[in-house]
Amino acid sequence: MPRMNDVGGQDGFGPVIEELDEPPFHADWEAHVMAMNRALIGQGVYNLDEFRDAVERTMSHESSYYENWFRAIQTLLKERGVV
Amino acid sequence: MSDDHDDSPIAARVRELEAMLEEKGLLDPRELDQVLEAFAHRASPANGFRVAARAWVDPAFRARLLENANEALPELGLSMGGGLQVQRLHVVENTEDVHNVIVCTLCSCYPLSLLGPSPTWYKSTAYRSKVVSHPREVLEQFGLTLPETTRIDVWDANAESRYMVLPRRPEGTEDLSEAELAAKVTRNGLIGTAAV
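Those sequence lines, one after another, are chains F and H.
Residues in the first sequence are numbered consecutively from 1, following full-length UniProt numbering.
Residues in the second sequence are numbered consecutively from 1, following full-length UniProt numbering.
The hints are simulated quantities; they were obtained by calculation from the structure and are not laboratory data.
Beta carbons: idealized from backbone N, C-alpha and C, even for Gly.
Check before you lean on any hint, since a few could be wrong.
To be verified - Per label pair, the in silico range of CB-to-CB distance:
#1 F:Ser64 to H:Glu75: 35 to 41 Å
#2 H:Ala12 to F:Leu48: 23 to 29 Å
#3 H:Pro147 to F:Glu22: 26 to 32 Å
Said to hold, decoys possible - Residues of chain H placed beyond 12 Å of chain F at every Cβ, according to the derived structure:
#4 Pro59
#5 Pro74
#6 Ser177
#7 Glu178
#8 Ala182
This is chain F alone, in the form it adopts within the complex (with noise of 0.2 Å):
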C-alpha cells in the first residue's frame, strides 16, 4: 500500500497556491525544526534516510511541512531512547 506522501497523479488536494514573497521560514520556530534536524543527523543520532521514512510514516496532510518534520523528529528521538 502507498504511503501517505505518495501522492503523485491523485486527484482532490485543490488548487496550487502560490504565496508571493514567501519567506524562507514563517516563523522562527520552523528555522530551529530545520537546523535541529541537521545537527541531529550530523551527530548521528539518525540518519537522513531514516529522518525522510520517519516523515513519511507519521505525516498528516493536516499538519504544515515542518509540523511534520518536528513530529519525525519527536518520533525517531522517542524510539531512539533518547528523550
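Let chain F serve as the given structure and place chain H on it in line with the hints.
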C-alpha cells in the same frame, strides 16, 4: 535566532525539545546558529541565476552543464554538496518544442544549494499530486500558457537526484552582459513554472 519569543504552542514545544537536547549534549546552540547562517547565506536562487546566465552566454559551458552538471558547477564556484549529502544534479533544457518542470512527488527534494529554500507551494500536496497528471493545467495556474504543440516533461526528484530547468534565453537580450542576464532569471523559471 536563538532568542525567539514566539508564544505559539508548537514554538514552545520546539524550544522545550531543544533545551532537552542541549542538556544531553546532543545540541550546541552555537551549532544551530551556524547551520542557520550557512543556510541563509549560501543557499540562494542567485546561484541558479548565475548558472543559467553562464549557460546562455557560453555554449561550451552549456554543453558541459547538460552533460554532467555536478562537474560543471565548480566552474562557477558552486556545488551540490551544501546539504547533508552531495546530490546528483540534472539540468534539463527548455527548447522551442519541449518545456520542463520539476517536482518531488514523494516529499520535497529540491536543488536547495542553487535555488535556496523551496517555496511552500513546491512542497504542497496540491502541486506534487497534480503537476504529474495535469502539468498544463498547473502551469496555467502560474500564468504560463504553452502552445498545444509544446511537449511538457515533468522531472520527479528523489533522495539522490535533483533537477533544475535551464530556461530559454529571452528574446532581444543579445546585447546584455552575463550579470544582466542573470538578473532576468527567476526562481520559478528554474523550477519550470514560469518562462523567463
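These are the hints, each one checked on the structure:
1. Under the hint 35 to 41 Å, the C-beta atoms of serine 64 (chain F) and glutamate 75 (chain H), about 38 Å apart, fit the expected range.
2. Range check, alanine 12 (chain H) to leucine 48 (chain F): about 27 Å between beta-carbon atoms, so the 23 to 29 Å window is met.
3. The supplied range of 26 to 32 Å is met by proline 147 (chain H) and glutamate 22 (chain F), whose beta-carbon atoms lie about 30 Å from each other.
4. Its beta-carbon lying about 33 Å from the closest one in chain F, proline 59 (chain H) satisfies the requirement of being farther than 12 Å from that chain.
5. Non-interface status of proline 74 (chain H) relative to chain F is upheld: no Cβ of that chain comes within 12 Å, the nearest being about 23 Å off.
6. In this structure serine 177 (chain H) is separated from chain F by more than 12 Å, as the shortest Cβ-Cβ distance comes to about 27 Å.
7. With a cut of 12 Å on Cβ distances, glutamate 178 (chain H) stays outside the contact zone with chain F, its closest approach being about 26 Å.
8. For alanine 182 (chain H), the condition that its CB be more than 12 Å from all CB atoms of chain F holds, with the nearest at approximately 20 Å.
The structure fails none of the hints (numbered hints given earlier).
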